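**Student:** As a plain string of letters, each chain reads:
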Amino acid sequence: MSFRMIIDNINYIGAMILFVIGLYTVLTHANLIKKIIGINIMETAIFLFFVSIGYVRGGVAPILGASGTETLFVNPLPAAMILTGIVVAVSITAFSLSIVIKIYDAYGTVDLDEIMKIRSVEADE
Amino acid sequence: MKKLLTLIVLGGLLLVLLSSIAELPPMGEEKGPSYNEIAHYYVEESAEDTGAKNIIAAIITDYRAFDTLGETTVLFTGITAVISLLGVSHQKKEGEDQHHG
Amino acid sequence: MDDLFVKVTTKMILPFIQMYGLYVILHGHLSPGGGFSGGAIYAASMVLYTLAFGLKKGQQRMPHEVSSKVETGGILLYVLFGFAGIFQGYSFLTNKAAGFPMGEFGAVLSAGFIPIVTFAIGLKVMSTIVTLFHTMLEEES
Chain A
1 MSFRMIIDNI
11 NYIGAMILFV
21 IGLYTVLTHA
31 NLIKKIIGIN
41 IMETAIFLFF
51 VSIGYVRGGV
61 APILGASGTE
71 TLFVNPLPAA
81 MILTGIVVAV
91 SITAFSLSIV
101 IKIYDAYGTV
111 DLDEIMKIRS
121 VEADE
Chain B
1 MKKLLTLIVL
11 GGLLLVLLSS
21 IAELPPMGEE
31 KGPSYNEIAH
41 YYVEESAEDT
51 GAKNIIAAII
61 TDYRAFDTLG
71 ETTVLFTGIT
81 AVISLLGVSH
91 QKKEGEDQHH
101 G
Chain C
1 MDDLFVKVTT
11 KMILPFIQMY
21 GLYVILHGHL
31 SPGGGFSGGA
41 IYAASMVLYT
51 LAFGLKKGQQ
61 RMPHEVSSKV
71 ETGGILLYVL
81 FGFAGIFQGY
91 SFLTNKAAGF
101 PMGEFGAVLS
111 AGFIPIVTFA
121 IGLKVMSTIV
131 TLFHTMLEEE
141 S
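Chains as they are written, first to last, in the numbering used here: chain A, 1 to 125; chain B, 1 to 101; chain C, 1 to 141.
Chain A with its partners taken away, still in its complex shape (with noise of 0.2 Å):
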């Protein structure tokens, strides 16, 4: 791979980095919020990876009479598909936040591993 190359495609590894992040986050953390926010950012680099698709080189940004009588202009469709996508992560994270709050309440804790031992002691019992 030869560095003109790397130059060009910087988008797409810096998503593809974010992504493995993210998920090395959720795998090794044991806190729950800590697990969340690592969710968050795997979305995060997927956003980043779909708009970079629609990018040409030397376009500008979709509005008309902007700058000058430019005419051509980046793809605006992955750029409105991911906006639905955006509200939808939000929503999500504010979800799993307030389970996150029930959990708190019912165990006194937000630590995996001794929600997972309080778990099996009751199990037993």
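The set of hints was computed from the structure by calculation and includes no laboratory data. Incorrect hints may have been included.
Under the rule of at most 27 Å between Cα atoms (straight-line distance), these lysine-lysine pairs were calculated in the DSS-like manner [claimed, not checked]:
no., chain 1, residue 1, chain 2, residue 2
1, A, 117, B, 3
2, C, 7, C, 56
3, C, 56, C, 11
4, B, 2, A, 35
5, A, 102, C, 56
6, A, 34, B, 2
7, A, 34, B, 3
8, C, 69, C, 57
Partner residues are not named here, just some residues of chain A that face chain C (Cβ under 8 Å, in silico) [unchecked claim]:
no., residue
9, 63
10, 87
11, 98
12, 101
Quick caveat: nothing in here was measured; it's all calculated off a predicted structure. Where a beta carbon is used, it is the ideal one built from N, C-alpha and C, also for glycine.
Let chain A serve as the given structure and place chains B and C on it in line with the hints.
**Tutor:** For chains B and C alone, kept in the frame of chain A given last:
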């Protein structure tokens, strides 16, 4: 030990993902497969059909207004789920009762 | 929190944030932005007020009854303006063929029902974020 194993597996996943960049069409080309006739139609005809300057706003509120309605429904469902799970208190003010008595 | 700097700065800066949020919502069809980002900017000002002055004063500014009525009013506005296309014989949510005034290109009041839909989306997003914040804070006390 567990963290080292996770690092190795995720490093392999990262290598597989990065090696697929060679198969993708190069980023930023004008004649790429994603800039097809639908995008050209939206860019050229949206000024006469809608009269809005912002092409993305014209797409999500005029050509695809039904999808935006579905998305506001998703927001509404999320907030309803949170309120039904956490509970909102409906307490009347106690000062009014003492004032009358 | 009981910090004097935070309270004085919040009081001075709050009208500018709200004015900027209303600008982004109303010019949704002329410049980048639209309903979602304008609603989030406007909601950030209410969250800042609640953080600086405490939960009781924040709930006096935006009580639960008002925010729930604003939220349902936003969706009802959207759906009622969509029905205007059905009464003329076209499909749901038509813009130019149903007789909405187009105006001149580039003015604020132009493009049919796009400003109305953007305003409804902005109201909805703003009341959702404020209701979420107040519900989660109220739970712990």
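**Student:** Let me make sure I understand: some of the numbered hints might not hold for this structure. Which ones are they, in numerical order?
**Tutor:** Nothing - there is no hint that the structure violates, so all of them hold.
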